[in-house]
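Enquirer: From just these sequences and the hints, can you work out the full model?
Protein chains in written order, with the working numbering: chain A, 1 to 296; chain B, 1 to 489; chain C, 1 to 185; chain D, 1 to 618.
If you're looking for bench data, these hints aren't it; they were derived computationally from the structure. Warning: the hint list may mix true and false statements.
[Unchecked claim] Listed next, with one range per pair, are the computed distances between beta-carbon atoms:
no.: 1; chain 1: D; residue 1: Val274; chain 2: B; residue 2: Val458; range: 20 to 26 angstroms
no.: 2; chain 1: A; residue 1: Phe170; chain 2: D; residue 2: Ala507; range: 54 to 60 angstroms
no.: 3; chain 1: D; residue 1: Glu437; chain 2: C; residue 2: His158; range: 31 to 37 angstroms
no.: 4; chain 1: D; residue 1: Val8; chain 2: B; residue 2: Gly407; range: 22 to 28 angstroms
[Claimed, not checked] Sample of chain C residues lacking proximity to chain A, with all beta carbon distances greater than 10 angstroms (derived):
no.: 5; residue: Tyr20
no.: 6; residue: Asp45
no.: 7; residue: Glu47
no.: 8; residue: Arg48
no.: 9; residue: Met84
no.: 10; residue: Glu86
no.: 11; residue: Ile98
no.: 12; residue: Gly125
no.: 13; residue: Ala136
no.: 14; residue: Glu167
C-beta atoms are modelled at their ideal positions from N, C-alpha and C, and glycine is treated no differently.
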Amino acid sequence: MRILWLVLSPLIALAVGLFFLGLSRRVMARIHWRYGPPLYQPLIEIFRYFTQKGSSHGVLFGLGIVLSLAGSIVVILFLPFGGICSMSGSGGMLVVLYMMLLAPLGIALSGGEAANPNASIGISRKLMLALGYELPFLLIVLAIMTHYDTISLVDIVSAQRETASAFASFPLVLSGIAYLLILPAMLGMRPFEVVHAPQEISSGPIAEYSGPYLGLVTIQHALTTFIGISLFVNLVWGGAGNPFVFFLKMLVVLAFGLFVNAAFPRLRVEQAVRYLWRWPTLIAFVGLILVVTLGR
Amino acid sequence: MVSPVLLIVIPLGLAFCVPLIGMVSKRFARFVPVVACLFNLVVSVQLLPAVLSKPIVVDLGGFGAPFSINLFVGPVGILFSLLIALAGFVVSLYALAYIDKGPTTRYHTLYLLLLVGATGVVLTGDVFNLFVFFEILCISSYVLVAYRGDKDGVESAVKYLIQGALGSALLLTGIGLLYGLFGTLNMAHIAVQAGSADPIPLFVAMALIVVGLGVEAAIFPLNAWLPDAHSSAPSSISAILSGIAIEVGLYAVVRMVFTVFGASSMLSFLMFLGVLTLLVGELCAFAQSNIKRMLAYSSIGQIGLIIFAIAIATSGSITGGFFQLVSHTLSKALLFLAAGYMIYRSGSMDISSLEGMGKRMPLTAFAFAVGAFSLVGLPPFAGFPSKLLIIRGALADGGALLALLVGLVLLGTVIEGAYFFRVIQTVFFKKGDGETARCEAPAIALVSMFVLVALIIVIGVYPSLIIGVLNSAASELLVRADYIGRVLG
Amino acid sequence: MDRNQLTKWFKAPTKMAHKYSLHAVYFCTGCGVIEIPPTITARWDAERFGVIPAATPRHANLFLITGYVSVKTLRAVIRTYEQMPEPKFTVGFGSCPINGGMYWDSYNTINQLDKYIPIDGWIAGCMPRPEAIFVAVTHLWTLIDKDMADGYKRYRKHYAQYRANQEQVLGELEWPPLFQSEREG
Amino acid sequence: MSLELLMVVALGGSLLTYVLGRVSSRLRNGFAVLVSLALVAMVASLYGKALHVSYYEDFLGMSLVLRVSGLSWLFAMTASTLGCLSVVFSLSYMKGKERTSFYYSMLLLVNAAMLGVVLSGDLLSLFIFWEIMSWSTFLLISYNGGPALAAGMKYFVMSFVGSLAMLAGLLTVYGSFGTLEFGGVAAGMLSASPGYILAIFVLFGVAFGTKNAIWPFHAWLPPAHSEAPSPFSAILSGILIKMGVYGFLLIIFVLVGLRNFMALGADGLPLHTVLSIVGAITILFPTFMAIMQNDAKKLLAWSTVAQAGYIILGISFGTSLSVAGGVFHFVNHAVFKALLFMVVGTVEYRTKGVRDLDSLGGLIKKMPLTFAVALIGVCGLIGVPLTNGFVSKWLIYKTLILERSPFLALVALFGTWGTILYSYKFLHNIFLGQLPEKYKDLERAPMTMRLPMTVLSIVVVLFGVLPGIPLSVINSIDTSFGLKPLNVTLWGLASDTGALNTINILAAVFAGLLIVWLVLKSGGRKVSVDQADNYAAGAAIPKDKYQYSVGFYAPLTRMVAPYLKDFMDSFYMRLAGWVGGLGSGIRRIYTGYVGDYAMYIVLFLAALIFVQLTWSPW
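Expert: See the structure below:
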């Protein structure tokens with residue numbers, strides 16, 4: 001059974017992620033008063049990318065994407081998806097935090113190898129932005145881990161399911177709010193879209209990808225979206241007992257992200273980091289202090 | 001057994017032979033100091049075991065103490081005479097090559113006289129005799145400082161002369177006072193009576209004598225002659241002045257304070273004075289750009305350290321002080337000798353002009369580095385056990401005040417390390433754009449330097465070689481009654 | 001999606017994928033830039049058909065050259081075209097790329113774009129309206145279905161000739177020939 | 001295998017290397033490699049032994065002792081291995097440089113001194129070897145001349161202050177207990193008062209902290225590491241500064257004893273908390289400094305400071321997990337940081353001394369292997385799973401969370417993100433991006449450089465995949481400290497709250513890699529294009545002008561730089577300035593007028609007599 005889930009969960013994640021990509025384009029179109037593409041449009045595009053002839057800039061160019069995508073797949077194996085967790089007990093949340101590094105790192109290596117300055121600019125922005133949201137994010141994660149006194153993600157979810165989700169319990173609600181504030185940054189949505197900024201730096205890190213490489217990057221994007229949202233649901237919304245409820249919760253979170261995405265213009269990277277280090281950090285910090293002081 | 005009198009008589013006689021021999025052959029006259037120092041060295045080494053078991057007292061003129069002038073060859077005396085002979089020997093070897101211009105015969109005569117004076121000071125047991133030898137030492141050093149005959153040398157020699165003369169005058173006045181008080185000039189005899197004397201005249205006499213001797217011992221603030229004199233003398237003379245002359249002055253001060261006056265209440269003052277001297281010396285050296293002045297100021301600092309150590313007046317710290325004295329003599333002589341040829345080759349005393357000397361004169365530069373390492377107190381060189389002993393002695397007491405002073409001493413050491421290592425960097429690592437041709441010092445000079453290098457390393461690794469002498473020297477200073485008993489019988 | 005479409009998907013998925021995800025590089029040389037925004041925004045919403053602007057030619061498979069092509073921009077047009085991954089389709093938009101249009105006798109505009117890069121379709125007019133873009137897209141679909149949008153193949157086949165034409169106008173080119181050292185595989 | 005023989009080989013080898021260098025450089029190189037290899041073998045043969053030899057009975061009344069324990073074995077092994085690899089690396093790096101005999105001999109001397117430090121069985125021989133290590137290090141740091149002089153000076157002065165503090169400390173200990181052997185001191189410490197222990201700890205802490213470059217004493221490290229010859233920087237950063245870690249472990253667990261240490265200041269601000277806060281500052285501040293650097297070696301140097309913070313953080317908690325984490329991180333840091341310095345050395349060697357991150361780029365095309373090992377090293381530094389850095393950092397984080405110190409954990413984890421930033425900058429600006437025209441004909445690294453780097457990178461991965469190998473050694477050290485043993489398996493840790501199992505991660509990552517690789521392979525044809533074939537809005541890109549590396553994190557720098565002042569460093573520099581000023585001020589006493597001098601003498605005499613007559617203090 002476990003083996004089956006090991007194989008299935010990345011596929012489910014891919015399906016959900018691609019669905020989210022299609023959905024978000026559709027929703028955005030509707031917000032723009034447009035008809036929008038079909039929901040399966042990302043699938044068509046990925047298929048098209050794989051039939052095109054890619055141009056490679058070197059061995060690392062491909063290897064980086066592979067590394068990045070593999071990292072994302074491994075993270076998915078570690079994330080509970082509504083009661084399903086293929087790899088619990090192999091290091092817990094710390095491993096997840098670390099494996100989440102692989103995705104940007106792989107893309108960064110491969111984009112660096114592409115030798116396009118737009119890619120390098122995008123990567124540098126990505127890393128700075130990550131430094132920006134990582135501070136409140138770590139505060140949130142630590143508050144949750146300290147509150148439930150475990151580093152295992154499965155335990156965190158089950159603890160929330162036994163009592164109440166973090167949103168509904170007192171000191172953790174601050175962490176939840178802070179998480180909500182940084183969620184667009186973690187998902188790379190506007191106003192934190194500075195990394196890709198198609199009009200400005202030709203979509204940044206992925207400027208040089210073509211053909212199958214681009215296909216993998218799109219898949220990677222889908223998986224990243226999935227990871228970001230499911231991490232949110234798991235950490236502060238108590239996960240779910242079965243995959244379907246979990247999926248619904250994820251949809252709600254996505255909808256929130258999309259509305260923010262539609263409503264805001266893009267921030268410069270300094271502005272973004274300044275924002276992230278101000279309000280979300282402050283709230284998360286207060287949350288952590290409350291958790292530490294009340295928890296004893 | 002040889003008589004300790006020979007230690008003074010033979011070199012003195014040879015000193016006056018030098019001009020006579022010089023009339024025959026100047027080349028031959030150069031070797032006289034070497035022979036004399038070698039003789040002294042041999043005699044001192046021969047005397048050593050006997051002295052360690054029982055100090056030798058020689059009464060001159062056949063009268064017993066306190067009526068005669070006597071020599072007291074105790075552990076301290078033999079230690080100093082060994083040091084003087086050793087340093088004198090090494091430096092005279094060096095001078096064979098280094099002193100090649102000017103009135104060389106006179107140099108050698110005066111050089112020997114200087115050593116005779118120094119040996120006399122450390123061996124005599126009579127205050128006035130001490131003054132006489134002291135004057136021999138001082139006067140020959142005044143002349144030797146001006147040996148080059150250039151403006152700098154003469155000017156600093158005259159300054160040295162004025163201050164030295166002032167000091168001598170004070171010393172003589174003090175001795176006169178003592179004679180007036182006690183009617184005797186024998187140290188042991190004075191020491192016996194010192195306890196029962198009127199304190200105020202006694203103190204005035206002591207102050208006069210200590211200040212008078214302190215000029216030569218370079219105690220702050222009496223040391224203003226030193227940087228000038230040391231830096232403008234020929235390097236071989238600087239080595240002797242730094243390595244021997246001021247140590248002898250220090251010996252005289254210590255002998256007076258410990259043995260003659262037994263002024264244990266002065267010691268804490270001396271301790272502060274030592275630390276002050278140390279800090280002033282090191283700070284001034286830190287701000288120098290002239291290498292010989294830097295070394296001269298560093299000597300001030302070292303003297304301060306030795307005074308500090310001896311003034312703590314525990315057996316361990318005095319041993320440390322004497323050890324430091326030995327290591328300072330060896331290291332500072334080595335530094336001056338090595339710097340001498342580096343200056344000679346580069347033509348300037350500026351530290352920055354020594355760039356690239358590590359490549360041009362590798363052996364000399366190496367010797368310099370060993371001297372500097374030792375002086376800073378890094379293992380495995382001779383300076384390390386001495387510093388270790390001093391600090392161990394100072395901390396063994398456990399007092400907060402001493403701990404504070406140790407902190408200041410360590411601070412001084414850091415400053416010392418900083419300026420020495422700056423020179424080492426300049427010598428070895430700074431990329432000079434000047435000459436790169438090899439110009440090593442002459443073989444005989446190298447031999448003299450490497451004798452010192454070997455001694456520094458051997459003593460650094462096996463401090464127990466000399467620790468016995470130092471221990472008994474320390475107890476000689478501490479146990480005053482013993483000294484009195486030996487002399488007066 | 002009607003039944004007809006579904007069978008097409010089964011029969012020729014590659015073609016269908018290309019048809020319905022035309023990511024376009026717009027090369028707006030001077031005119032034509034006004035017609036693009038309405039096309040992709042709420043008024044005409046090209047995304048319905050999968051046509052969206054691509055940020056770089058590496059992502060794109062449709063090349064839209066709008067307006068006259070001066071000698072200077074020709075260099076960039078060629079460069080961009082060569083950087084697009086195959087299969088790729090080109091559409092000349094407006095009369096100037098076709099025959100020089102009103103600039104036919106200008107000293108620094110080229111008259112016939114298809115002498116320098118292969119063009120799969122033309123949209124005539126000065127300027128054509130955005131609807132014309134949709135007409136062109138549907139025509140392109142047909143061409144793709146019939147394997148007639150083969151400009152990239154022609155380019156490969158007659159590369160020497162294209163390169164010669166390019167060098168005739170532009171002089172020495174800064175980049176090496178596209179197909180000389182390429183290994184198929 | 002006797003310890004004396006080991007030290008004789010180490011010290012004698014250094015001396016003989018110099019002598020042989022006078023004869024033939026070839027002979028010398030061979031001999032140096034041989035000596036360092038022999039040392040590795042000799043140290044390895046000491047594994048698991050507990051020896052105790054008194055090699056110098058009476059040094060001024062104190063006996064000097066050599067001993068080997070689990071802790072010292074680990075440090076000795078790391079030191080000798082890195083020494084050996086560094087010697088091998090130097091073979092090409094130092095080719096054609098001047099004074100190579102001196103260099104090799106000093107390198108071996110540093111190596112010997114480090115072995116001496118960790119094998120010492122009493123504080124005095126520890127101090128002696130410590131000092132030999134300090135001055136030989138100084139000579140090697142200054143070796144390059146130019147800016148290296150100031151760096152060497154700074155190092156020497158700071159380290160000298162530290163070692164003199166240690167001297168004062170050890171002599172105080174001698175004064176109270178009459179012995180300097182570890183056993184005797186530990187026995188004496190059991191009954192010592194907390195104030196006394198604190199004083200001793202501070203005195204030793206200054207020495208060890210300076211060597212380890214923890215926060216207030218870090219100022220010497222960045223210039224020293226960046227100006228030293230690169231193979232030596234590897235040793236410097238990899239093992240030499242870790243002598244401070246050894247010292248801290250020694251004083252906390254062997255001399256003072258963990259219980260005493262934890263009790264220090266327990267009623268107010270506990271000392272171990274202070275130490276962990278210092279560790280946290282040491283992580284945070286240097287990480288940002290590293291992000292700002294434009295010199296490859298300076299970047300690595302600041303990173304060294306930051307990593308030292310992790311180690312201190314681990315040690316300061318004093319639980320078996322945290323100490324294992326700290327010690328393991330020391331080993332790991334030694335491996336990957338030495339590797340990275342060697343990478344810079346290779347680049348420097350091939351580009352004739354360029355290590356400016358703004359002017360390199362694209363070297364992956366010319367030195368693929370160097371890039372690969374650099375990537376592995378950087379992964380270790382970041383702590384990417386399946387490299388050794390991950391396991392040790394995981395241990396430290398887990399401690400911090402289990403011990404309920406989320407704020408320290410925050411700093412540690414956030415520091416890791418900073419690490420990613422500067423590591424990526426390091427990789428990108430040297431190896432990725434566009435290859436400048438002038439490096440078109442660069443050759444790949446020579447064999448003697450590739451060999452040590454490959455060995456180190458293999459170790460990085462090996463310890464990451466099979467952390468059980470080093471952890472079992474470290475576990476025995478833990479037990480020798482009297483800590484609860486860990487439940488170590490070959491693949492990681494088995495424990496109750498969140499176990500670590502690298503085999504699962506390994507399998508998952510490999511499976512993921514395989515799948516994605518297959519997908520990529522199956523998807524269409526690919527062509528390789530030249531680096532100049534790049535999208536630049538249609539333009540053919542100008543050579544040498546299309547590399548984004550200057551001001552890589554400019555926005556962040558603009559934001560953070562105003563708050564990021566190395567005020568400790570400027571404080572030290574100002575202090576040095578003050579001392580110089582004081583010196584020049586005091587020098588004015590010596591006016592040059594002999595009249596003044598005579599006046600001093602007379603005044604001094606008068607003052608003496610006046611004081612005595614008025615207050616009669618004497």
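Enquirer: Hint by hint, where does the structure go against what was stated? Just the numbers, ascending.
Expert: 1, 2, 4, 5, 6, 7, 8, 9, 10
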